Amino acid sequence: NAGVTQTPKFQVLKTGQSMTLQCAQDMNHEYMSWYRQDPGMGLRLIHYSVGAGITDQGEVPNGYNVSRSTTEDFPLRLLSAAPSQTSVYFCASSSAGAGFDEQFFGPGTRLTVL
Amino acid sequence: AQSVTQLDSQVPVFEEAPVELRCNYSSSVSVYLFWYVQYPNQGLQLLLKYLSGSTLVKGINGFEAEFNKSQTSFHLRKPSVHISDTAEYFCAVILANAGGTSYGKLTFGQGTILTVHP
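Each protein sequence line maps, in turn, to chains A and B.
Whatever position you read off the first sequence (first residue = 1), add 26 for my numbering.
Whatever position you read off the second sequence (first residue = 1), add 1088 for my numbering.
One should not assume that every hint holds.
Listed below are the simulated SDA-like cross-link pairs for lysine to any residue, each with C-alpha atoms no more than 25 Å apart in a straight line [to be verified]: (1) B:Lys-1146 <-> A:Ala-122; (2) B:Lys-1193 <-> B:Tyr-1113; (3) B:Lys-1137 <-> A:Asn-27; (4) B:Lys-1137 <-> A:Asp-64; (5) B:Lys-1193 <-> A:Thr-31; (6) A:Lys-40 <-> A:Pro-109; (7) B:Lys-1193 <-> A:Pro-101; (8) B:Lys-1193 <-> B:Tyr-1138; (9) A:Lys-35 <-> A:Ala-122; (10) B:Lys-1193 <-> B:Pro-1106; (11) B:Lys-1193 <-> A:Thr-46; (12) A:Lys-35 <-> B:Lys-1146; (13) A:Lys-40 <-> A:Ala-122.
Derived from the structure by calculation, the hints contain no laboratory data.
Predicted model only: the values in this text are computed from it and were never measured.
With the rest of the complex left out, here is chain A (with noise of 0.2 Å):
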């Protein structure tokens, strides 16, 4: 198993532009989230999802669009950068099962909103 993949690594663009973070996995897990990362902020929450069709709104969704069309894809959509989503993002997925499972997290992509 791949686990959970983001691409790209790391990307730069310029203030107004858009673009589409990817992350897959590959364990058939309903529950995928994004979240960014912020030098003394922690991770927040940006939006989730509990299965193909189904989303919500995390903590910090303003600028972010997600669509969940398939189990295994979850991307993320910015829609006019702004030097304020600056940050790594990082995808995670989970299975509830008979109980509550850990969050895999993918490597993250750094980005820079110049």
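Put chain B on the given structure of chain A with help from the hints.
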């Protein structure tokens, strides 16, 4: 809503010394508790978790944590650290018994950078 506070942003320690990283949480309902570790330029890896049962939880790499419900704390400890333990550590919570809608929603603390000196 739940929140997590990690009381130390940086903890320097010498090799083979014991260490404790402190975590307090606030929630009006029961939570599950986690510690994650992030090595430089990597993603997060689960160290240990508390879901129920014994309040002393053992994890990987010799770490353990104790859940204290009355003090709403979940401090992480290791009796003897190695240089390789240098990393950032995150405490996190998720609502327990809230059904499937809570499972994608971890709330993290601000992180504690552990630096182990030779």
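Hint-by-hint comparison with the structure:
Only pairs whose Cα atoms come within 25 Å are accepted, and B:Lys-1146 paired with A:Ala-122 is accepted, the gap being roughly 21 Å. Between B:Lys-1193 and B:Tyr-1113 the CA atoms are separated by roughly 15 Å; this keeps the pair inside 25 Å, and the hint holds. Pair hint B:Lys-1137 plus A:Asn-27 holds up; C-alpha atoms about 23 Å apart against a cutoff of 25 Å. At most 25 Å may separate the alpha-carbon atoms for a hinted pair to count; B:Lys-1137 and A:Asp-64 meet this at roughly 24 Å.
Of the pairs offered as hints, the one joining B:Lys-1193 and A:Thr-31 holds, with about 19 Å between alpha carbons and a cut-off of 25 Å not exceeded. Between A:Lys-40 and A:Pro-109 the alpha-carbon distance is near 8 Å, which keeps this suggested pair within the 25 Å criterion. The suggested pairing of B:Lys-1193 with A:Pro-101 holds, with an alpha-carbon distance near 17 Å, which does not exceed 25 Å. Only pairs whose Cα atoms come within 25 Å are accepted, and B:Lys-1193 paired with B:Tyr-1138 is accepted, the gap being roughly 16 Å.
Using a Cα cut-off of 25 Å, the hinted pair A:Lys-35 and A:Ala-122 is violated, with the two alpha carbons roughly 28 Å apart. Under the criterion of a C-alpha separation no larger than 25 Å, the hint pairing B:Lys-1193 with B:Pro-1106 is inconsistent with the structure, at around 32 Å. Our distance criterion of 25 Å between C-alpha atoms is met by B:Lys-1193 and A:Thr-46, whose separation comes to about 22 Å. At most 25 Å may separate the alpha-carbon atoms for a hinted pair to count; A:Lys-35 and B:Lys-1146 exceed this at roughly 33 Å.
The suggested pairing of A:Lys-40 with A:Ala-122 is violated, with an alpha-carbon distance near 39 Å, which exceeds 25 Å.
Checked against the numbered hints listed earlier, the structure breaks hints 9, 10, 12 and 13; every other hint is satisfied.
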